[in-house]
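Okay, so the sequence shown: first residue is 1 according to UniProt numbering, each after it adds one.
I should point out that these hints are in silico values taken from the structure, not numbers from a laboratory.
One or more of the hints may lead you astray.
Have a look at the derived ranges for each label pair, beta carbon to beta carbon [as the list claims (entries may be wrong)]:
(1) L234 <-> P189: 39 to 45 Å
(2) G187 <-> E232: 15 to 21 Å
(3) F268 <-> A185: 16 to 22 Å
(4) A24 <-> A177: 43 to 49 Å
(5) A185 <-> G71: 17 to 23 Å
(6) D286 <-> L234: 45 to 51 Å
(7) D69 <-> D286: 37 to 43 Å
(8) P22 <-> Q252: 33 to 39 Å
(9) A185 <-> A92: 28 to 34 Å
(10) A85 <-> G26: 21 to 27 Å
(11) I143 <-> A184: 22 to 28 Å
(12) V72 <-> E7: 16 to 22 Å
(13) E88 <-> A184: 45 to 51 Å
(14) A24 <-> T172: 37 to 43 Å
Think of the CB as a built atom: it goes at the ideal place given N, C-alpha and C, for glycine as much as any other residue.
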Amino acid sequence: MTQHTLELPEVDLVYDVHGPLPTADGRPPLMMIGQPMDASGFQAQVALFADRTVVTYDPRGLGRSIRKDGGVTNDPEVQAEDVHAIIETLGAGPVDMLASSGGAVTALALVTAHPHDVATLVAHEPPIDSVLPDAEAVHRARIAYTQAYQDRGWGAGMAAFVAMTSWEGEVTDEFLAQPAPDPAAFGMPTEDDGRRDDPLLSELSWAVPLYEPDLEALTAAPTRIVVAVGEESLKGYTGRTSIALAEKLGQQATVFPSHHGGFMGGEFGYAGQPEAFAAKLREVLDRT
Numbered sequence: 001m002t003q004h005t006l007e008l009p010e011v012d013l014v015y016d017v018h019g020p021l022p023t024a025d026g027r028p029p030l031m032m033i034g035q036p037m038d039a040s041g042f043q044a045q046v047a048l049f050a051d052r053t054v055v056t057y058d059p060r061g062l063g064r065s066i067r068k069d070g071g072v073t074n075d076p077e078v079q080a081e082d083v084h085a086i087i088e089t090l091g092a093g094p095v096d097m098l099a100s101s102g103g104a105v106t107a108l109a110l111v112t113a114h115p116h117d118v119a120t121l122v123a124h125e126p127p128i129d130s131v132l133p134d135a136e137a138v139h140r141a142r143i144a145y146t147q148a149y150q151d152r153g154w155g156a157g158m159a160a161f162v163a164m165t166s167w168e169g170e171v172t173d174e175f176l177a178q179p180a181p182d183p184a185a186f187g188m189p190t191e192d193d194g195r196r197d198d199p200l201l202s203e204l205s206w207a208v209p210l211y212e213p214d215l216e217a218l219t220a221a222p223t224r225i226v227v228a229v230g231e232e233s234l235k236g237y238t239g240r241t242s243i244a245l246a247e248k249l250g251q252q253a254t255v256f257p258s259h260h261g262g263f264m265g266g267e268f269g270y271a272g273q274p275e276a277f278a279a280k281l282r283e284v285l286d287r288t
């Protein structure tokens with residue numbers, strides 16, 4: 001693995017290249033991106049794709065990528081330009097891409113702006129409100145967990161976030177009327193550490209779920225887009241967004257093993273099924 005820094009006016013982007021460039025087998029590099037997650041989240045998958053050149057990176061303001069623009073918000077279209085800059089720097093033509101969660105939203109913005117950057121995109125559980133019939137209620141739930149975070153800290157915010165994302169089916173008045181969940185019931189800390197800069201729980205990343213995909217541009221792009229959903233996520237928030245987005249793109253969501261973090265090992269306490277996930281990813285990437 002080699003670590004690189006791409007110095008741009010607004011950010012120093014750090015990315016890792018695992019394997020040779022040009023690639024040894026002539027296949028495109030396989031880029032893996034997430035949000036709000038840095039390159040470390042893909043370490044289990046990188047190890048399982050030792051036969052391919054894999055590229056990972058830290059999004060601006062996360063991990064090793066230091067912002068110089070004074071900004072604090074996370075915007076998919078801005079991050080798409082960062083990913084585009086890395087792909088241009090690689091100089092290896094269009095990449096294959098596994099993009100998960102907010103990274104999948106970034107990837108959709110990338111394909112919209114730069115349709116020749118990506119050969120095959122596996123967009124794994126993109127959280128996009130606008131494709132849902134209950135988008136307004138979902139946003140009310142988002143306001144609630146953000147307020148819980150602002151009022152009582154990380155544990156309270158994360159408990160409310162988990163309650164919202166694990167709710168099965170449309171967000172209803174019944175759900176919105178529930179009392180705020182007890183962090184201890186979710187194994188979350190009850191004390192407040194005083195910080196309010198978590199990219200998942202604050203308003204800093206609202207631009208991700210509020211992103212509105214350009215369905216016409218995505219359909220017209222030469223990129224083969226595969227919307228993926230975890231088999232354990234089907235009825236939850238990101239499962240519903242994946243299924244709805246796939247339908248709007250004229251396809252059925254492709255079911256992958258495990259859950260929202262199904263590609264990860266146990267290093268972050270949210271173990272998926274990385275071997276089974278990698279096998280499915282290979283199957284999807286190898287389709288012509």
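Evaluate the given range 45 to 51 Å for the C-beta pair formed by E88 and A184. Holds: the Cβ-Cβ distance is about 48 Å, inside 45 to 51 Å.
Using the Cβ atoms, figure out if D69 sits within 37 to 43 Å of D286. holds, 39 Å
Quick one: are G187 and E232 within 15 to 21 Å, going by C-beta? Hint holds: Cβ distance 18 Å, inside 15 to 21 Å.
Between the beta carbons of A185 and G71, is the distance compatible with 17 to 23 Å? Roughly 36 Å apart at Cβ, these two residues miss the hinted range, so it is violated.
Within 45 to 51 Å or not, the Cβ separation of D286 and L234? violated, 24 Å
How does the Cβ-Cβ distance of A24 and A177 compare with 43 to 49 Å: does it lie in that range? violated, 57 Å
Measuring from beta carbon to beta carbon, are A185 and A92 in 28 to 34 Å? violated, 48 Å
Given the hint of 39 to 45 Å, check if L234 and P189 actually sit that far apart at their C-beta atoms. With Cβ atoms ~30 Å apart, the hint is violated.
With respect to the beta-carbon atoms only, verify the hint that A24 and T172 lie 37 to 43 Å apart. violated, 53 Å
Hint check for Q252 and P22 - Cβ pair distance inside 33 to 39 Å: Since the Cβ atoms of P22 and Q252 sit about 35 Å apart, the hinted range of 33 to 39 Å holds.
Given the hint of 16 to 22 Å, is the C-beta distance from V72 to E7 inside that range or not? Cβ of V72 to Cβ of E7: about 20 Å, so the range 16 to 22 Å holds.
Honestly, do I143 and A184 meet the 22 to 28 Å range at C-beta? holds, 23 Å
Hints 1, 4, 5, 6, 9 and 14 from the earlier list are contradicted by this structure; the remaining hints agree with it.
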